[in-house]
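Colleague: Each chain, written out:
There are 2 protein chains.
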Amino acid sequence: MIVNGFAFAGIHCGLKAGERPDLALIVADRPASCAGVFTTNRVVAAPVVQSRALLPGRAQVVVVNSGNANACTGAAGAAAAARTAEIAAEVVGCAPSLVQVASTGVIGAPLPIGRLESGIPLAAEAAAPDGLDRFARAIMTTDTRPKVRVAQGPWTIAGACKGAGMIHPNMATMLAFLVTDAAISPGDLDRIWRAVCDRSFNAITIDGDTSTNDTALLLASGDGPPLQGDDLAAFAALLEPVARELATDIVRDAEGGTKTIELTISGAADQPDARAAAQAVALSPLVKTALFGEDPNWGRIVAAAGRSGAIFEPGAVRLWIGDTLLYDRGVWQGAGAERAAHETMTDAEYAIRLDLGAGEAMRTIYTCDLSPEYVRINADYRS
Amino acid sequence: MIVNGFAFAGIHCGLKAGERPDLALIVADRPASCAGVFTTNRVVAAPVVQSRALLPGRAQVVVVNSGNANACTGAAGAAAAARTAEIAAEVVGCAPSLVQVASTGVIGAPLPIGRLESGIPLAAEAAAPDGLDRFARAIMTTDTRPKVRVAQGPWTIAGACKGAGMIHPNMATMLAFLVTDAAISPGDLDRIWRAVCDRSFNAITIDGDTSTNDTALLLASGDGPPLQGDDLAAFAALLEPVARELATDIVRDAEGGTKTIELTISGAADQPDARAAAQAVALSPLVKTALFGEDPNWGRIVAAAGRSGAIFEPGAVRLWIGDTLLYDRGVWQGAGAERAAHETMTDAEYAIRLDLGAGEAMRTIYTCDLSPEYVRINADYRS
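Taken in order, these protein sequences are the chains called A and B. Residue numbers for the first sequence follow numbering that gives the first Met the number 0, so the first one is 0 and each next one is one higher. Residue numbers for the second sequence follow numbering that gives the first Met the number 0, so the first one is 0 and each next one is one higher.
Hints are computed from structural coordinates only; laboratory data are not their basis. Ideal Cβ positions, reconstructed from N, Cα and C, are used throughout, including at glycine. It is possible that some hints are incorrect.
From the structure, some residues in chain B lie toward chain A, with a derived Cβ separation under 10 angstroms [stated by the list, open to error]:
(1) V43
(2) G73
(3) V105
(4) G228
(5) L231
(6) A235
(7) F291
(8) R306
(9) P313
(10) G321
(11) L324
(12) Y326
(13) P371
(14) Y373
Restraint-style ranges between C-beta atoms, simulated for each label pair [unchecked claim]:
(15) A:V330 x B:E342: 48 to 58 angstroms
(16) B:A315 x A:P153: 22 to 32 angstroms
(17) B:R328 x A:G314: 46 to 56 angstroms
(18) B:D379 x A:I310: 24 to 34 angstroms
(19) A:M0 x B:Q270: 51 to 61 angstroms
(20) A:E85 x B:D269: 33 to 43 angstroms
(21) A:V330 x B:D132: 32 to 42 angstroms
(22) A:G314 x B:E348: 36 to 46 angstroms
(23) B:R144 x A:M361: 38 to 48 angstroms
(24) B:R193 x A:D197: 35 to 45 angstroms
(25) A:A94 x B:G314: 23 to 33 angstroms
(26) B:R144 x A:E372: 28 to 38 angstroms
(27) A:V330 x B:D229: 46 to 56 angstroms
Let the sequences and hints guide you as you build the complete structure.
Modeller: See below:
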């Protein structure tokens with residue numbers, strides 16, 4: 000898949016052991032509109048501090064390294080992020096302010112900038128319009144597979160992401176990079192990107208932990224049809240499924256996860272209530288272990304919503320697993336319904352819907368179960 | 000241990016299989032001052048709805064059944080809770096409004112009131128001043144051992160609790176009952192009890208799930224020395240360690256838990272920030288799995304605080320595990336400190352302190368680790 004105006008690279012520069020790719024590059028033919036959504040964690044990695052200050056705006060290069068998060072690295076980390084942008088700017092021939100930098104990997108270790116000094120020119124040389132798959136491999140840490148999605152309509156949209164929980168070694172979490180040929184201003188791109196991220200990359204939760212490095216960028220080259228009037232809505236409609244599938248790919252690849260759940264809270268009094276209830280249910284260890292056990296344990300789901308702070312009458316609640324109504328306004332629907340729900344839960348992907356009966360607000364998020372394997376992976380002593 | 004004015008019983012009435020005790024009674028010689036702290040979950044069991052409406056006030060009987068939570072049981076559940084109070088009132092010869100009722104066990108199943116009809120008179124007959132151990136056994140569900148603590152000073156305080164996470168089958172969670180011979184008004188007792196619960200039963204977290212049935216009662220018979228002036232503070236000081244040890248006993252007995260952690264957030268800007276950071280760290284699956292793995296993974300602890308909403312500068316944070324300063328204002332303290340911290344983490348109980356460097360507020364809570372065993376236990380299909 001080619002997106003006019005962009006070239007991609009993924010090479011090995013020496014941050015990871017062996018020959019695994021650890022340096023990824025996106026190079027635009029000229030400054031592209033760029034919008035970014037970043038971690039809300041108070042503890043923020045140096046590349047995020049540097050890059051988010053430049054957006055929304057324009058970008059011509061995106062440099063991503065895996066194998067080192069450049070987080071909790073103090074003044075030396077900030078200098079390394081600045082130097083990374085300088086190297087890339089020099090190689091491509093643009094201003095350093097047109098370079099977006101992202102890092103993922105081990106926290107607290109100094110970024111060996113020398114490997115980027117030699118690596119970035121090699122990556123720029125290797126960059127090619129058909130290089131997105133190599134890019135996707137070079138941003139992986141504990142991911143088991145590269146994650147690439149594309150869409151074609153009036154515009155072409157392609158993207159790659161990485162993530163599998165905020166996991167071993169640690170901080171090795173969510174990064175996403177999408178490009179499009181749409182001709183769209185940075186301001187419009189930013190507005191659309193924030194709304195789309197809210198329903199995709201910010202609608203997935205594996206273990207409730209956010210990282211110091213989370214970054215989701217969208218670049219638009221302007222090589223495709225210009226957007227006017229209703230085009231913005233059409234573009235957002237083309238973009239959203241790509242972002243949502245990429246986000247869901249992260250959940251599908253969750254370490255120790257065996258199920259991908261689309262969880263919808265409906266009938267909430269307002270949007271904050273819908274979000275609070277969705278978070279509480281999706282992050283409840285008791286709910287997550289029941290999902291792993293394929294146990295339609297409606298009591299745990301209703302009780303998790305009950306402690307979320309969302310306002311509702313317990314007697315007005317309804318719960319569906321797949322198409323099966325399991326609990327209807329205070330009444331358990333019997334052993335037959337429970338068997339049908341259990342049957343649904345043996346699938347790898349299915350939906351759960353909890354209606355609070357308190358209003359019209361709705362929120363859908365994507366989550367996974369909690370398995371002994373998750374504990375085993377994350378309890379491994381790092382050294 | 001005898002507390003003047005109270006008798007206790009624990010018998011088998013047929014709610015649990017086998018001969019295991021499942022009905023517990025406290026009978027006071029006359030109406031005692033009574034204070035209660037209850038679940039904040041919106042989904043609340045029938046006995047909680049009934050009992051909390053009567054407090055603070057006086058109580059002469061406490062009826063506790065295990066094996067059935069009488070939760071999500073609708074109008075029939077409310078009638079069963081009311082009937083339980085009537086039976087006990089009749090047997091003891093007091094008003095039904097002087098009866099506190101608590102239930103713990105399986106959710107959603109109707110409470111077989113017939114077994115209480117025959118059981119409560121037998122329990123009242125068996126009640127004896129030295130019966131607290133039998134009481135403690137009869138309120139257990141998945142607990143592995145009874146939990147009893149006592150203190151003697153100017154007043155005698157004794158109590159029992161049950162809890163081991165909100166766990167299989169489900170809703171089988173925290174109940175605590177303390178008695179004292181202090182002569183104290185219901186209003187004073189309520190004020191002291193709320194403050195003490197905040198630092199004991201409301202300062203423990205195993206998996207973040209609260210139940211529909213959580214209840215902590217304190218009854219004062221008035222047979223001991225009356226409280227005047229500074230006595231209230233002295234009484235609270237005698238009470239707090241009893242409550243805290245009982246609460247910590249629940250963490251020590253957490254199913255699948257192998258470590259008991261005293262987690263202190265200090266240097267927070269205000270109390271809500273201290274609480275938010277403590278909750279985020281204590282409930283982070285990544286922190287909890289690292290505790291299980293005896294891994295001094297400071298990055299996970301700092302990052303969990305970072306997403307808590309608490310305001311602090313990442314460069315001002317300090318972290319101790321046991322007595323070892325591991326992370327000092329942005330600087331990792333090296334491999335020697337990490338080895339010392341790891342050594343501490345091999346203990347069954349130890350302290351972690353995170354200073355946010357943002358103010359003077361402090362919060363201490365008690366939590367446990369997350370083991371594969373927790374997942375195994377809670378993933379078991381109920382049927």
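Colleague: In this structure, is the beta-carbon distance linking R193 of chain B and D197 of chain A contained in 35 to 45 angstroms?
Modeller: 39 angstroms, holds
Colleague: Does the Cβ pair R144 of chain B, M361 of chain A satisfy 38 to 48 angstroms?
Modeller: 46 angstroms, holds
Colleague: Can you verify the interface hint for A235 of chain B: is its Cβ closer than 10 angstroms to any Cβ in chain A?
Modeller: 28 angstroms, violated
Colleague: Please check whether Y373 of chain B passes as an interface residue: C-beta within 10 angstroms of a C-beta belonging to chain A.
Modeller: 7 angstroms, holds
Colleague: Checking hints one by one. Is Y326 of chain B an interface residue toward chain A, by the C-beta closer than 10 angstroms rule?
Modeller: Hint on Y326 of chain B: holds, closest Cβ of chain A at ~8 angstroms, below 10 angstroms.
Colleague: Looking only at beta-carbon atoms, does the pair V330 of chain A, D132 of chain B fall within the given range of 32 to 42 angstroms?
Modeller: 40 angstroms, holds
Colleague: Taking 10 angstroms as the limit, does the beta-carbon of G321 of chain B come near enough to a beta-carbon in chain A?
Modeller: With Cβ-Cβ at 17 angstroms, over 10 angstroms, it is violated.
Colleague: Do the numbers back the hint for F291 of chain B, that is, is its least Cβ distance to chain A under 10 angstroms?
Modeller: 5 angstroms, holds
Colleague: Within 48 to 58 angstroms or not, the Cβ separation of V330 of chain A and E342 of chain B?
Modeller: 55 angstroms, holds
Colleague: Would the hint on G73 of chain B be counted as holding, given a Cβ-Cβ threshold of 10 angstroms to chain A?
Modeller: Because about 5 angstroms separates G73 of chain B from the closest Cβ in chain A, which is inside the 10 angstroms limit, the hint holds.
Colleague: Would the hint on V43 of chain B stand, with a C-beta cut-off of 10 angstroms toward chain A?
Modeller: Holds, because the Cβ-Cβ distance from V43 of chain B to chain A comes to roughly 7 angstroms (cut-off 10 angstroms).
Colleague: Under 10 angstroms is the threshold here; is the Cβ of V105 of chain B close enough to any Cβ of chain A for the hint to stand?
Modeller: V105 of chain B check passes; min Cβ-Cβ to chain A is 9 angstroms, inside 10 angstroms.
In this structure, the hints that do not hold are numbers 4, 5, 6, 10, 11 and 16, in rising order.
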